Amino acid sequence: MKVISICARPKATPIRLLVLLAASILLGACTSRDSDRLELLNASYDPTREFYAEFNRAFIHHWHEATGQRVNINQSHGGSGRQARAVIDGLDADVVTLALAADIDAIAERGLLPAHWQSRLPANSAPYQSTLAFLVRQGNPRNIRDWDDLARPDVQVITPNPKTSGVARWNYLAAWGWALEAFDGDEARVLEYIRRLFANVPVLDTAARGASTTFIERRIGDVLINWENELLLAIQRFPSTHEIVVPSMSILAEPTVAVVDRNVDRKGTRALAESYLEFLYSDIGQNLAGKHFFRPSNPLFLQKYDHQYPKLRLFTVEEVFGGWGPANAKHFRDGGTFDQVYLRP
Amino acid sequence: MPTSLATPADAVVAPRRINQRVIPGFGLSMGITMAYLGLLVIIPLAGVFLGSLGMTWEHFWNTVTSRQVMASYRVSFGVSFAAALVNAVFGLLVAWILVRYRFPGRKLIDGMVDLPFALPTAVAGIALTALYARTGWIGQFTYFIGLETAYSKTGIFIALTFIGLPFVVRTLQPVIEDLDPEVEEAAASLGASRLRAWFTIILPALIPALLTGFALAFARGLGEYGSVIFISGNMPLRTEITPLIIVKFLEQYQYAEATAVATVMLVVSFLLLLFINLLQRWTESMGQARR
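Heads up: the protein sequence lines correspond to chains C and S, in order. Residues 4 to 348, numbered by our numbering, are exactly what the first sequence covers, in order. Residues 1188 to 1478, numbered by our numbering, are exactly what the second sequence covers, in order.
Hints were generated in silico from the structure; no laboratory data involved. Just so we're clear, the structure is a prediction, and the values are computed from it rather than from any experiment. Worth double-checking, as some hints may not be accurate.
Claimed, not checked - According to the in silico footprint, chain S covers these stretches of chain C (three or more CB under 8 Å from chain S): (1) 80-86; (2) 179-192; (3) 195-208; (4) 211-225; (5) 332-346.
Glycine included, C-beta positions come from ideal geometry on N, C-alpha and C.
Sequences and hints are given; from them, build the entire structure.
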């Protein structure tokens, strides 16, 4: 009977509630518009969190000095592929700063930016670079030195799933590139090596941060393959429990950035978005990249921070795989080499 | 609170004329209901079907029956079923204790049952993994006796049991509260043992609600993603759940393939839930017939 007594009260008829709801929505829409404050949304991948936090503050200051306008920068982080999908599905990002050129290519394929986006900014639109290295337990108890050690039967390797994680694709291609040279281009032996490597992987996390947690917090595995900047950061935080091992060669990762044309043209933020990305190439931007353990693309700053990067031979995706398109098609699509690793008949 | 669960029978006490409902506002509330369900349920689900329409039948069939996807159905449906079954047994026990006994801390435990509802599933997954991994508090013992609790099907089972528990408890609680003690007293005065009274009088009355709770927990387990991916290890063919297969397709921008697998999930889940619903109706009518 309680139910009926509530309904009988005059205040809460559904129509009144609806009117109230509509009024509050309208009110909210009016107050949230703040016309003299510019907004910029940067959709980025996970390991850039600390870098962009500091970079955004620098840019806000720079933009205010140059134009007198105040900018609000909204920063979004997530798996690189997931961020790209969000933009495809309508996330209003003005700029994307992702782990793989292939992810921005996917956005371009849907017509949100032109296909030649990568040539619009210097250094293939990669203001900072990185590579991959190994993290091992203190003292390197399994004596892991190079890629061939990862396929040893007594070693457990932690790497995320290349199907769901950007860094895992870099890991996979780096291992493949090393093996291709070690086995003189004999692809059957390369695949055999990759199979033995993944037989040593006890957990396939879906993303890079998850893999780091599995290795560092859960203490599973003997070696973690991850971004150089993530590992340098981890060593800074846990200096006495882990150490970095640098393989003889690795892949040069070029995280790329682009303005999302369709979004900035609709929102009228093109000038702001373009300056934002250009600022990444400025002295301040390059310095910050180095500070956060990325490799600045400007040789001058690369040299300045040279002491913090391990020395190793680097190859690019273009050199060994002919670009991300062919690399994805051959290795990560359905039935590609990664599927052959697990779905051996 | 469960006490305000007014049954429609309560409202229909006044004599009524044809086509004139006692509770006013049917048109408006029905209209809002349909709009609400349409926007939130029917249109998004229809979108899933539409997404896979662009595929040829052969491509669709090959996608949803590939070895890896088939293995994931076995994991998802098998483990969800097992977890819901265990929850049905232990959830009944929890609900029974919470309703029938008075003990210190009862309110606290009653509140804790809802935690799996409220906790972000990723938090649940990370916490459970930390506990059940080889280095965890519980994991160090389970691994000692040779039971792999994290990064295995057992891990998925643990996560889904955690997630599903409140569904069973919360569906059963009001029903147990409404059980008429006179029936039990009558059984006792007619000489039935406590055990016999429980199995022949109480359990049959609870079975429809138990089935509902089981179905809810089962459905929740099928759809669960956040907590499972942390604890399952995600090994292809062994511990990959179907939602992860869908995410994997999406990560590769294979929208059609992702929606194809989602469609299969949707149809099979719907059929299973429909079956459980019918089963529940049937047991309900059996119970009424007996009275």
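Going through the earlier hints one by one, which of them does the structure break, listed in rising order? Failing hint: just 2.
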